[in-house]
Amino acid sequence: EVQLVQSGAEVREPGESLKISCKGSGFTFSIYWIAWVRQKPGKGLEWMGIIYPGASDTTTYSPSFQGQVTISADKSISTAYLQWNSLKASDTAMYFCVRHHGGGHFDSWGQGTLVTVSS
Amino acid sequence: QSMLTQPPSVSGAPGQRVTISCTGSSSNIGAGYDVHWYRQLPGTVPRLLIYANNNRPSWVPDRFSASKSGTSASLAITGLQAEDEADYYCQSSESSLRASVFGGGTKLTVL
Chain F
12 EVQLVQSGAE VREPGESLKI SCKGSGFTFS IYWIAWVRQK PGKGLEWMGI
62 IYPGASDTTT YSPSFQGQVT ISADKSISTA YLQWNSLKAS DTAMYFCVRH
112 HGGGHFDSWG QGTLVTVSS
Chain Z
18 QSMLTQPPSV SGAPGQRVTI SCTGSSSNIG AGYDVHWYRQ LPGTVPRLLI
68 YANNNRPSWV PDRFSASKSG TSASLAITGL QAEDEADYYC QSSESSLRAS
118 VFGGGTKLTV L
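Protein chains in written order, with the working numbering: chain F, 12 to 130; chain Z, 18 to 128.
One or more hints might be untrue.
Using 25 Å as the maximum straight-line C-alpha spacing, the simulated DSS-like pairs for lysine-lysine come out as follows [as the list claims (entries may be wrong)]:
| hint | chain 1 | residue 1 | chain 2 | residue 2 |
| --- | --- | --- | --- | --- |
| 1 | Z | 85 | Z | 124 |
| 2 | F | 99 | F | 54 |
| 3 | F | 86 | F | 34 |
| 4 | Z | 124 | F | 54 |
| 5 | F | 30 | F | 54 |
| 6 | Z | 124 | F | 51 |
No wet-lab data here; the hints were simulated from the structure.
When you get a sec, could you build the whole thing from the sequences and use the hints?
Here is the structure:
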């Protein structure tokens, strides 16, 4: 069974750093693109960026998120990451990792990681 | 980054047919990229509903169908049921297959 299991909810203060994770199982992690999707409270889905774990320097970011976050991966442990160097209150959201099918759709979703940034 | 445009809300009575539109541009849907649809029930993770314009995963009943033409796409739900009440999102690729864009989402209310 294809699964993406994300790390647990996080609470941070503005200015702090954070790295959340997404571990894949049930498929060959290194040959699928893995993307991150943001959903702010009560709002819609936003595509943030994508990485190819088989070649971890192969990333593409949405212009809206370029420079704001870093996407990385470690194919040896089938895990993708989403990282912030300096969180803002506006980063408060649910973050989903998703498996990108070659046809362009997302055929498997992680359970989501709720990130709360508050002083 | 552009976003696909969906109506914020649609509604229908049980048994009726509703459609949800998704309008893009020449850099996404109009460029020939496929359109995909997701359903997000309240408080749950989004789930793939339609892929590659009009294909249903095995769990999706044939009450759900979709189409694409030009720079737009639409999702149709027939025989509306109370459990169809959810948020629906369209998604396509943007300028390249690895980059994506979502619609703003449509809240379906079953009256």
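Cross-check of the supplied hints:
| no. | hint | result |
| --- | --- | --- |
| 1 | Z:85 - Z:124 | holds (20 Å) |
| 2 | F:99 - F:54 | holds (18 Å) |
| 3 | F:86 - F:34 | holds (10 Å) |
| 4 | Z:124 - F:54 | holds (11 Å) |
| 5 | F:30 - F:54 | holds (23 Å) |
| 6 | Z:124 - F:51 | holds (16 Å) |
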